[in-house]
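Chemist: The chain contents come next:
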Amino acid sequence: MTHSYPMTLNVESSPGEHLPPVQPPVQPPMQPLAQPPRQAPIATPPLLRLIDDAGHAAPAAESGGFALPPLTTLLRLYRQMVVARRFEAQVTALTRQGRLATYPSALGQEACEIAAVASLAPEDWLFPTYRDSIALLTRGVPPEQILASFRGDWHSGYDQQQHRIAPQATPLATQALHAVGLATAAKLKRHSTVALTLLGDGATSEGDAHEAFNFAAVWQAPVVFLVQNNQFAISVPLDKQMACRTIADKAIGYGMPGYYVDGNDVAAMYAVVTAAIDRARSGGGPTLIEGLTYRIEAHTNSDDPSRYRNAADVDVWRGRDPIERLEKYLVSEGALPAAERADITREAEELAAATRDCMTRQATSDPLELFDHLYSPSSARPALAEQRAFLAAELAELAAPSTDKGANR
Amino acid sequence: MTITTQDTGQAGSGASVAGEPETLSLAAALNAAIRDAMVDDPTVVLFGEDVGPLGGVFRVTDGLYAEFGETRVSDSPLAESGIVGTAIGMAMYGMRPVVEMQFDAFSYPAFQQIVSHVAKMRNRTRGRITLPIVIRIPYAGDIGGLEHHSDSSEAYWTATPGLTVVTPSNPADAYSMLREAIASDDPVIFMEPKSRYWSKVELTLPVQTAPMTSAVVLREGTDVTLLAYGPTVKTALTTAEQGAEEGLSIEVIDLRSLSPFDDETVSASLRKTGRAAVIHEAAQFGGYGAEVAARLTERNFFYLAAPILRITGFDIPYPAPKLEEHFLPSPDRILTALAGWEW
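Which chain is which? The protein sequence lines are A and B, in order. Residues in the first sequence are numbered from -19 upward in steps of one, following the numbering used here. Residues in the second sequence are numbered from 1260 upward in steps of one, following the numbering used here.
Heads up, some of the hints might be wrong.
[What the hints assert, rightly or not] Some chain A residues well away from chain B (every beta-carbon gap over 12 Å; in silico):
{"id": "1", "residue": "152"}
{"id": "2", "residue": "168"}
{"id": "3", "residue": "284"}
{"id": "4", "residue": "323"}
{"id": "5", "residue": "330"}
[To be verified] Here are the in silico distance ranges between beta carbons for each label pair:
{"id": "6", "chain 1": "B", "residue 1": "1596", "chain 2": "A", "residue 2": "362", "range": "27 to 35 Å"}
{"id": "7", "chain 1": "A", "residue 1": "235", "chain 2": "B", "residue 2": "1326", "range": "53 to 61 Å"}
{"id": "8", "chain 1": "A", "residue 1": "24", "chain 2": "B", "residue 2": "1299", "range": "38 to 46 Å"}
{"id": "9", "chain 1": "B", "residue 1": "1599", "chain 2": "A", "residue 2": "185", "range": "15 to 23 Å"}
{"id": "10", "chain 1": "B", "residue 1": "1322", "chain 2": "A", "residue 2": "378", "range": "19 to 27 Å"}
{"id": "11", "chain 1": "A", "residue 1": "81", "chain 2": "B", "residue 2": "1557", "range": "33 to 41 Å"}
{"id": "12", "chain 1": "A", "residue 1": "41", "chain 2": "B", "residue 2": "1299", "range": "39 to 47 Å"}
Hints in this document: simulated from the structure, not taken from any laboratory. Remember, predicted model here, so these are calculated numbers, not experimental data. Ideal Cβ positions, reconstructed from N, Cα and C, are used throughout, including at glycine.
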């Protein structure tokens, strides 16, 4: 290093006075954060897949050693994806009609969503996010209970214990730590329960994602992290979230296996997730799975994707549709007879009708219930009872005949 | 460190049985409370930073790792959000985690987990998921600590509905309140006054004092009520002794529970004396004392002879050790403030 200022040492001064003042340099214009390129690019690893874009069995070299699931399994996954998409289309329509406050769509991500729950055992727990409604649907939560939060009835509308599904998390990656904790408790109790948590690509920037990955690996918790890399965190693309090749690569740093999987190939997603759950259940610890997919719809109905991405890019990914891909494969295998198709369509339409019907029913939220759940009965608070009584009186006044109110005011 | 799966519930030789009086520090009373709770309930697990073989930086968990083993007492990775976040998951699966934040200011990385989930999970799930978690937070100053080791962050927690926030001031309460906190089905922020960790009394365990959520009149008086908690209880008691020498009869209340607030006990005292001051180390603006003064005034205005005072730390960050004596409310400062009222 050369110095542009005079360097003279005054031997009589104290050591702290040896550094002469620095002349402030002329300020050049500020440069963008990501310039110059962060490092020499490393080739992205091949995607693990079992069925390619065209619906053919992928070459063995891309399979990562995983075998194609049986046709009966693939047919079940196909049905679940078609039904889920019909639900998503119906809910999106309801949102556009103003019947729901908001709805984050997972259109195009059905392979990840369905694979996440298809291999869970009844005793396993799912820790989803706000975008994972069709995972809830596939695990058996009725539409009305899923939509209760989106239409504003209550913050979570289903029985979490009955379905063993945590509330859909909004603060990103926070639920991953809950999954690790639950899985660790199951391990301590020698139960076979496994936890699977869904995350998005943006969430992997959060500190809680790091802490969850690390705690899980250190404690060898029976947990599976399934990151749906849909390539956007609202408007921000993944290359502004991270500078490494893949999210799956991060697993190496935590000391757990990581898989970079074609997230639009439900066969591959199912095979990899099932293997990860089996490993967790048999004491093999956590796994990080990245499913590369694409968010076809906007972030929510209040988002405007035209401000940050090209419609042409979306069309490319529409061409990699997970349902069409599996459909081609099943047809080529002669495994999708017309009767089966008709039955799937019937199930999907019945669900859509039930979803519409549930929205026409009046919500029966009782304002006084606001005070009922915060504390256990043994910790009930007198001051909160006072506020409950206040609201009850206010409601009673509202319900009173309007003539009385007019006379009093 | 790996959590191993060994049989739980075999360790320990039985909870404390009423025995000989012993001289116990507040830290030792907390230790006994955790130990006895772990003996009584195999779902109580303990984890956090350095709580294992070291026994915690204040030795509150001393000996528990040796007695209960790694299944029940574990050093976690050094990450507070992770500690609280995993405690939530454990509680969802039937455990009763007792976790330590090591120091007040080190709890802030866990803020989101505490405020967004610990406090709200029961309400969000309509009571289907309850979180019996105790989050122990050593807090406050007067220990010569460097920056980030002396914060009084209670108002962050008391401003959050869904959290029970308690703080003991003496060894008997430390034991009794921590047992009650661990037994509670709801989450408890358990704030431990660091400067009182080494204060000792003679005690026979197990001891049960007043309910955790109640305030207690520690000294009766007729002229003024001093409301203190945690580290300032001793300050208030000393003030009362000095005030007595000057002819001032001071009633001292140990609030013990910051949320919920024991309106009944405190208002009864205030209606007797007509004057009150709340004393805490935390800064004044938006501090816990503001809530105390406001709600007491709303409920007792016509009994008041003077405005309720807040005698607190200044509205500045907690100072470096050589300056902390100028920051902390002292008996002299309190008596001077009381003398400022019109009598």
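Chemist: Compare the structure with the hints numbered earlier in the document and write down the numbers of the violated ones, lowest to highest.
Modeler: Structure breaks hints 1, 2, 7, 8, 9, 10, 12.
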